Structure formats: C-alpha cells, structure tokens
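S.K.: Residues per chain are reported as follows:
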Amino acid sequence: MRVVLAEDLALLRDGLIRLLTAHDFEVVEAVDNGPSLVRALVNHRPDVAVVDVRLPPSFTDEGLRAALEARHQVPGLPVLVLSQYVEQLYARELLAQGSGGVGYLLKDRVSDIGQFVEAIRRVAGGGTAMDPEVISQLLSRHRDSSPIATLTPREREVLGHMAEGRSNAAIAGAMFITEKAVGKHTNSIFIKLGLEQSEDDNRRVLAVLAYLDAAPGS
Amino acid sequence: MSQPVQRYPVGPEPYPAGPVASDGPAQPVEVPAQANRWAMFGYSALQVLLSVYGWLIFALLIVAIVLVIVWIGLPVLLVVLAMLRGYADLHRRLDSRILGAPIPPPYRRPVDAGGGGVFVRLRMRLTDPATWRDMVWLLEVQSLGFALHIAAFVAFPILPIGYWGSPLLMRMQASITRVLIGPTGEKELQQRIGQLETSRAASVDHSAAELRRIERDLHDGAQARLVALGMNLGLAEELITRDPDAAAQLIAEARASSSTALSELRSLVRGIHPPVLADRGLTGGIEALALTHSGPVDVDVQLPGRPPAPVESAVYFAVAEAVTNTAKHAAGASLWIWGRYDADADGQGHLRITVADDGVGGATMPPAGGLAGLAQRLETFDGRLTLASPSGAGTVITIDVPCTLQSATARPPAVH
Chain Y
1 MRVVLAEDLA
11 LLRDGLIRLL
21 TAHDFEVVEA
31 VDNGPSLVRA
41 LVNHRPDVAV
51 VDVRLPPSFT
61 DEGLRAALEA
71 RHQVPGLPVL
81 VLSQYVEQLY
91 ARELLAQGSG
101 GVGYLLKDRV
111 SDIGQFVEAI
121 RRVAGGGTAM
131 DPEVISQLLS
141 RHRDSSPIAT
151 LTPREREVLG
161 HMAEGRSNAA
171 IAGAMFITEK
181 AVGKHTNSIF
191 IKLGLEQSED
201 DNRRVLAVLA
211 YLDAAPGS
Chain F
1 MSQPVQRYPV
11 GPEPYPAGPV
21 ASDGPAQPVE
31 VPAQANRWAM
41 FGYSALQVLL
51 SVYGWLIFAL
61 LIVAIVLVIV
71 WIGLPVLLVV
81 LAMLRGYADL
91 HRRLDSRILG
101 APIPPPYRRP
111 VDAGGGGVFV
121 RLRMRLTDPA
131 TWRDMVWLLE
141 VQSLGFALHI
151 AAFVAFPILP
161 IGYWGSPLLM
171 RMQASITRVL
181 IGPTGEKELQ
191 QRIGQLETSR
201 AASVDHSAAE
211 LRRIERDLHD
221 GAQARLVALG
231 MNLGLAEELI
241 TRDPDAAAQL
251 IAEARASSST
261 ALSELRSLVR
271 GIHPPVLADR
281 GLTGGIEALA
291 LTHSGPVDVD
301 VQLPGRPPAP
311 VESAVYFAVA
321 EAVTNTAKHA
331 AGASLWIWGR
341 YDADADGQGH
351 LRITVADDGV
361 GGATMPPAGG
371 LAGLAQRLET
381 FDGRLTLASP
391 SGAGTVITID
401 VPCTLQSATA
411 RPPAVH
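Chains as they are written, first to last, in the working numbering: chain Y, 1 to 218; chain F, 1 to 416.
Just so you know, these hints were derived from the structure itself, not from any lab.
Computed from a prediction, not measured in an experiment: that's the story for all the values here.
Cβ coordinates follow ideal geometry from the N, Cα and C atoms, glycine included.
Do not rely on the hints blindly, as some may be mistaken.
[Unchecked claim] Part of the chain F face toward chain Y, derived, beta carbon under 10 Å:
1. Arg255
2. Ser263
3. Arg270
4. Pro275
5. Ser294
[What the hints assert, rightly or not] Calculated from the model, a selection of chain Y residues having no Cβ within reach of chain F, i.e. all distances over 12 Å:
6. Val74
7. Ala91
8. Ala170
9. Lys192
Chain F with its partners taken away, still in its complex shape (with noise of 0.2 Å):
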C-alpha cells in the first residue's frame, strides 16, 4: 500500500469583494490510500444509503426554491445548500480513496465567515460558481451516480465479471464525481500561486532576518574588536619610548583581541556559508556534522552529485539543527544520519535524509522554533520536514526535498 503522500497545500482563495481572507498557513491535504476492493464494495453500498439523504436534499432544493418567493424560503435556500455542500464533501472524501488521489474542495473561502446577515451569506453562496456545480452534480449522483453505485454493488458477488467490473463502475463514478465537483484546473493554480507567495514571503523575511543578524554580528563583534585592538596599538605606539613594559603589555592585548575577532568571524561564516560544506558538498559536510555528536553515530549519505547551493544550505543546516537537538536533548544516544537521491512514481529525483536517535523522543516543533523555521525555508524548494519522536522512543527527524543533482564537478586539469 503506498504511504499517504503530502502534496502542496490547499491555500485561501482571496475573495473578490472585500479584503483578502487569511486563515493563516494553509494545512497540507493528504492524499490517500487507494481503496482496495473490498472497501470499495463498502463504499458502494455506503454510497446508495446516502443517496437517500441526497434525495432529501433534492426534494428540500425545490423547496426552498418555490418558497423564495415568500421570504422564508431564503434561510432554507442557505440550509439547504449547506447540506448540499456537506454531502458533496462526504462524496469528495469517499470518492478520492476510490481514486487515491485528492479532491480538495474548489469552495472560495469567505471573509467573515461567522457575520453579515442571510442575504450578505447567500449571495456569497450564490456568487460561487462551485455552489452551482454542486447542483449539476446532484442531478447527476442521483441519477446515473446511483445507477452505477447499485450496479457495482450488485454486480461484486458476481464472479468474475463483478470482481473487475464493479471498481471500475465505482471509478468511473468517482471520476464523474472529480470532475464536476473537484477543483478545475484553474483552481489548482490559483491554489499553488498561493502556496507559492506565502513561501516567497516566508523566504524574503528569512533572507531579511539573516542580513540583519549578520550586521548585528559583525557590528558587536569583529568590528567592536578592531576598534579596540586599533586603540590598544595607537596606545602602545604612544608609550613605546616612555614606558616600554606597558607598551609590551598593550601589544599583546592586541594580538588578544585579532584572535578573538578571527574566532568571532569564523563562527560567523559558518552560519552563513559553512567551508565544509562548500568545500566537500552535502556529503562531506554531513559527516563533519556526525563527528560533533558525543555518542555513537552511523553515516550512510550517498548521493550522485550535489543538490544547488541554496538547497545544499537548507538541507546542511536542517540536519546541523537536527543533530544539535539531539545533542542537547540525548546527549549520549545512538545517532543515524541516512541520506539518498531517488526518482520519485512522478520521475522527478528527491533528494531524502534521516536523522535519527534512540534518545529519549518527546521532541516537538513548535512554531517560533529553529526547526520550524528551517521546515520553512525547505517549503520555499517544496521541500519537507517532518519530526516523529513518540516520548521515550527516540527521535526521527526526515527530509525531503525534489530537486535535481549536478554531478560532481570534475577537478580542473593540473597546470603545467
């Protein structure tokens, strides 16, 4: 069975009267296990039970449609139509495990979702184009949707023809079902334009954050460190005549304070630009990562070549975060660091490393987090992190981003 796999989430659709809608991150949706086909026997009998309330909903649509006239007819149109969309998301759900692909609903997210009065709520309903696709699709899933249903379900018992026959009728609904009620193409766009723009911001506000902080260092530290060392020398060169031992004294304060600046910059570049990685790629910067961890560790990185430099950065300082967290928290635990580049079932290479301990788990990732905002900066290259640490039982920290490797650059030809 293959594992649910996150795709790019579902992002707010800014409504266009009014101020844009923002719900906040936007969660991931899940794609689901393909039904076998026992479960879609299940479904299919489950589907023609719930074509009964589907025609509740048909027969309370004329309803209220009739009654707009007189003015009650109105807030049973908005109860309706919630119905309506609620039986079209249990469909959804039930037909994207048949399919084992996602429908996310195509609905536009509202504004003020809990204001404004029945006829500010059903305009917005009716100005919806998914509210009338919604209707179409009910004339359908009550017509030839449950003919098929009953069809497949009739039909399973019957070897050999049902075995086979029957999924593919509750397929062919399913699809039906997609088409009419899942997102169009256009909405898939606009939904990954979304995720887009809020990873950009999210990427624009590290990039700023990291300058500032960079100034800050260089402002505090190396730059504080000459001034002094300038004036301890100015001062020597002062008393060098007059009081010689002092000047020695200055001197060597001096020296002090270049070394310390060396140290404070070099700290500095590493958090910006690691050498090692530079030097020897994600590979090879890993393994400089295993050797700070004080206990035993396991290396197993193999990869075909190197990912782009801001990727190799992300995914270097993900890890470094990573081991840091176990050092901190399960200082003398086994590590594991385990790292290959696969072609994903859509041809596209994903480079994926784990890093794990059996320390004592319980680690979570909370969102001001240094692993939070590292998860963050992957999501720009849609990438992955994910943090499974059951407490007591260790700590698995996985990584996942597609990209492509250039393979190693080949060393220059020796001058002679």
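Next up, chain Y with everything else stripped away, as it sits in the complex (with noise of 0.2 Å):
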C-alpha cells in the first residue's frame, strides 16, 4: 500500500516512516511542510495520506487545510490526520464532505501499533477512524439529551466504537463479545436513534457520525 507521509519532527518523521515500513507500506514521498504535502498528495495519489495537523509555514491547522484541499482535488483521498489534540470542530470539518476516507487521531495513538496500523488500513479502504476522545467529546454532547439517554451502557459503548469507525468484528473483539451480540447491539441502537441500516459499513458509520455531529435535540 502506497503511502504519503506530512511529519515537520524529524524525530517523529523517521520513527514513522520504519513503523511504516515494518507493515507492509510503501513510503511514496515524506514531506515536512503545508505546500508540499498538497503537491505530493496530488502527484503521487496514494492509497492512503498520514498527515500531522501542524506543520510549516504557519504551524497552525496547515496539515489539515491540505488534506482538505487534497480532497478536495481528487475526491475521496484517503487521509488520515494526527494530531498533538483533538477539537471537534476539526473533525467537523475533515467530515463535512460526507464521505469516508478520513480519520483523525491522537498522536498518542501511535504507541498502540496494531491499532495504528488497523486504522490506517480502515481509511485507506474508505472507512474512518475517529480518535476515541473525539467521539466522547461528541457523546458527552448528547448525554442530557435523549435518545442518547434511552441506550443501555453497553449500548452506548457500542455505539463509540461505531462511531471511531470500527468493523463489528472489531468491536466484538475490543469488548470481548460475539459478533452477533454486537449486531444485535447496533440494530437497537439504530432504532432508537431512529436512523436507518445500512449494509455498508462506512455509510453506516457516517450516519452515526452525522447524527452525533448535529446539534443535541435538533
């Protein structure tokens, strides 16, 4: 899988780049700076972007605009963005173009690799990987308002993960229980929230997201 890779810390640049490597993808190009990353992104076209909010000329949200300006090019870029901390309005916006390829996590994610890695393979196949403080952000939102308040705990856990972007399979795995369990899980959920099924997984994950995204009792 061919990757392109925006990280400004070499430190971090060359750690990633072996992480990378060590699994199975192919560092296409590795760039330290905003302008560069748009160039590369839309040159090389890769499988997959990991790309870090802050980078040179302004140190701000640079990354982010370029991956989103990327998208914005070859629509459907897979882009996975890391960051020092997490806003939602970032995350906002990396999902405002409603479609999946997108990810946003913690840089502390990194230290997890099999979970790294899973995620990065979820974006580049078109699905998403929210960071976990994110979506509790997002669910804390919601807390007073119901049908939020109507899910059961193991509901609402259930409903995280979907919302990170996990496969069932994966969720069964992180909460120790049977797929079936979570599928039954995710059917009331989606009743109770009145949203509708769907087969594909990332549509399924993006009409959670959209509707967590909106605002409480709207």
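Grab the two chains, each in its own frame, and use the hints to assemble them into the complex.
M.R.: Structure, rendered in structure tokens:
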C-alpha cells in the first residue's frame, strides 16, 4: 500500500517511516510542510496519506487544510490526520465532505502499533478512524438529550466504537462479546436513534457521526 | 436615551500625611442619562428651593468663623463644613444629570474617618483644597447660580425662547459648578493612576498564581508520570531475559503512563494557551467552546480581525467559564453566543461578546470565584464583565473590551 507522510518533526517522521515500512506500507514521499503536501498528494495519489495537523509555514492547522484541499481536488482521497490535540471543530470539517476515507487521531495512538496500523488500513479502505477522545466529546454533548439517554451502557459503548469507525468484528474483539451480540446492539441503537440501517459499514458510520455531530435535540 | 455607561472607577487618593488609605476595590462611577427638558425644569425648581438651604449654610459659616475666636466655633465649623459638603454633593449629582456626564467628588478620603478629635478632623478638612473650592462655589451658586436657576424656571413656560433657553441656562450653571467643585484634570489623572495600579497589581498576582499552578501541575502530573515510566522501563530492561512476560507487562504499563502524561500535558496546555484559539482566533475558539454544550447552541460571532493575544486569551477564558457555568447549572438549556466589534461614541473600538442561556438563572459572581477573577483580568485591559441573572429567567454575561483588531494575518505565499 502506497503512503504519503507529512510530519515536520524529524524524529517522529523517521519513526513513522520505520513503523510503516515494517508493516508493509510503501512510503512514496515524506514531506515536512503544507504546500509540498498538497503537491505530493495530487501527484502521487497514494492509497492513504498520514498527515500531521501542525506543519510549517504557519504551524497552525496547515496539515488539515492541505488534506481538505487535496480531497477537494482528488475526491475520496483517504487521509488520516494526526494531532497532539483533538478538536470537535476539526473533526467536523473533515467529515463535512460527507465521504469516507478520513481519520483523525491523537498522536498518542501511534504507540499502540496494532491499532494504529489497523486504523490506517481502515481509512485506506474508505472507512473512518475517529479518535475515541473526539467521540467521547461528541457523546457527552448528547448526554442529556434523548434518545442517546435511552441507550443502555453497553449500547453506548458499542455506539462509541461504531463512531470510531470500527467494524462489527473489531467491536466484538474490543468488548469481548460475539459478533452476533454486537449486531443485536447495533440494531437496537439504530432503532432508538431513528437512523436507517445500512449494509455498507462505511455509510452506517457516517450516519452515526452525522447524528452525533448535529446539535443535540435537533 | 443612552444607556448608562460605566467609566473607570474612582480610586482613593493616598492622604499625604500618614498611611495610605485602602478602602478596598473602588466602585465604578455611573454616568447618568442626560436629563430631558422637563426634568431640567423640575431641577431648576428644586435648585431654587435648595438655595434656601444654601443661604442657611452661608449664614452658619459666617457665624462659625466669627466664633472661632471662642473655641466653640471649631466644632460648629466642622458641622457647617459637613453641611456644605452635603449641599455640594447634592448639586454635583443634580448637575451631572443635567450635563449627562459624571461629576465625581474630588475630596480626599481620609485614613481614619472615624477617629481623631475635632482639631485633627478640622485640620484634614481645611488642608483639603476641595473644601476651599466648595466655599468659593457657595458664593457663586447663591448669587449667579440662583439668578440662573430663577431665570431658567421662569423662562421655561415662555415659548419659544424659554423652551430652548431654559436648558441652556441650566447647563451653563451646571458647567460652572463642575469647574468649581468637580474634579480637576490632575485629580482625574490621579484617579486613573490609582485604578491602573490596582489592576496591575491584580494582573501580576494572577500571572504569578498561574505560573505556580503550571509548575505544580507539571511536577505532580507529567513529571511524575515520566519518572514512573522510566522506572518501569528500567525494570523491564532488567527482567527481559529472566522473565520476558513480566517485562512485557511492565512495558505495557510504561506505554500507558506515557499516554496519561500526554493527556495531562494536553489539559495543561489547553488551560494556558488553547491551540484552537491560537490557530483559529477568537471566532474559532468560541465555535469550539460552543460545541461542548449539550443543548441547542446558536453562535453568531463576526469579527473583522483578531484582538491582541492577551486580550484574546482573557476573553476566550471568560467565555469558556460562562459556557462551563451554563453546562454546570443549566445543562439542557439553549445557549446563545453573540460577538461583534463596534466603534464607541468616542471613536474607540470595542469588542463585545454576549453569552446567554435560558436556564434557571439566579447565578451570582462570588468575589473569589472564577468569573470574578476573569472580570479582574479583563479590567487590566479596561474591559468589563457584567452578569445579569434573575432567578428563573436565565443568565446573560456581557464582555466589553476596548481594543484594536489586527486584520486577519494573510497566509504566507506558497513555497515553490
């Protein structure tokens, strides 16, 4: 799988290249600033891009903007955005385009190598990988309003994992229950939230995220 | 009718001989709304009637001065000066309404108002130049002032001259009063200095407290975790050949420690200098804050640029505190955040933000609380934070800071 990497801290960049290469990714280009990133993405059209939010020259949200710009030019280009902090605002911008193939993770998650690689593959496959921290922020926004309040604790846990973008199998593994049990929970959740079920995993995740992202009570 | 505007507070002027007065935080002076014609007519009548009291004071003053030769004149003089001060205060209040501008009292506040005998207090009164100005003013207000008030009162019903001329005469007399017994330019400067000193002291205290908090959080939080992490890795190093499973366990714990340390550092940074504020400015920062609210939210913040970083930070944290309070006490309520930048009547640009909710209301601003601290922080920039929260009718917090906005920094040209 071909990857474009954008990270301005040399130490981290080298570490990521090593990590990715060790897991059978081919790093076609590794850049360290925003403008080069847009160019690299459009030129190489990789299978997935792993991008740090904070890049020169502005050291603000350069990486995020480059990712959105590249996805504008190459619709559906899978991008996984890494950051030292997560903001609901940025997650919303990434999801605004309405298509899959986006991820937004704390850099901390890199230390759990298995999960990190799984997230990259998921995003490359058109799915989503939202950081649990963002999801918990989104969920806490809805904590007082039904119908989220009508979910059982287990269902809420499943909802959280779903919103992160994980498949039923992955959720089952994380919660130590069977896939069938997960399926039952997701059915119940979709009915309670009034969302349409979908065979397509990606579409269903996007539906959940759109629901959570909207203002509570609306 | 213009809204009452709060100007900078009247602070105590330190008394020359003796320790500095400290009456606590100064009260802001309220600027009264300008009186309309009919009110002025009423005032003219009132002031004509009051001049009787003025004559009484004048007479008593003469008597007291004469009696100074005998000792009984001294306490009488003290009493008469107090009456004169009261009379002058009354006129200052009336005339400030006539002019639509404040006339704060220019007196020195004595160190120990209660104690001291007659001699001490008399000396304090007589060495205050404001007392002498009061006496000169008394001569004026009883003669020329009286004439102007009578003229205004009588002329008012006589149209058309009276309708316009009467307020003019009232304003004339009010201006004379202000010149004679209002604060001098020097006095106003001194008051301003007093206020600046207070807010600077508060600002320095705040900075010092912040730094202590950061040091403590780093020491107890991230530093402690990194130490634990190092320990675990060291132990794992020892055990890796003898007991690989235990080593693996320790390494996993070390990883968890690093995660927690990063999480704590994130919170710390957010409390000092939130990244979203730095990246997206006040507008973006407020939008991000609004997203944390668990009820319906409406954000309407339109700013043509960014305020200076310290102002931006203070305003952001004030809004954050307001939003947190709403979440704490009125979780499901609707929240509105409104922000604009307008020029004031005096040409100074003001950043105005309003945070309102329709929750239970009844919120207060205890002096040691977060909101009061942030209000104090805003005062460093001559900003104001006001809270209106009638019980059962929601809460409105208004932030008003004079500042200049820098136009949004242009993005640097792309490097090719």
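S.K.: For every hint, state whether the structure bears it out.
M.R.: Structure-based check of each hint:
At a threshold of 10 Å, the smallest CB-CB gap from Arg255(F) to chain Y is about 5 Å, leaving the interface hint in force. About 7 Å separates the beta-carbon of Ser263(F) from the nearest beta-carbon of chain Y, less than 10 Å, and the hint is met. The beta carbon of Arg270(F) is positioned within 10 Å of a beta carbon in chain Y (closest approach about 7 Å), and the interface hint is therefore held. With a least beta-carbon distance of about 5 Å to chain Y, the hint placing Pro275(F) at the interface is held under the 10 Å criterion.
The interface hint given for Ser294(F) is met, as the beta carbon of that residue sits about 5 Å from the closest beta carbon of chain Y, less than 10 Å. Every beta carbon of chain F lies more than 12 Å from that of Val74(Y), the smallest distance being close to 18 Å; the non-interface claim holds. Separation of Ala91(Y) from chain F is inadequate, the least Cβ-Cβ distance of about 9 Å not exceeding the 12 Å criterion. Listed as a non-interface residue, Ala170(Y) keeps its Cβ farther than 12 Å from every Cβ of chain F; the least gap is roughly 20 Å.
Chain F leaves Lys192(Y) outside its interface by the beta-carbon criterion, the shortest separation being 18 Å against a cut-off of 12 Å.
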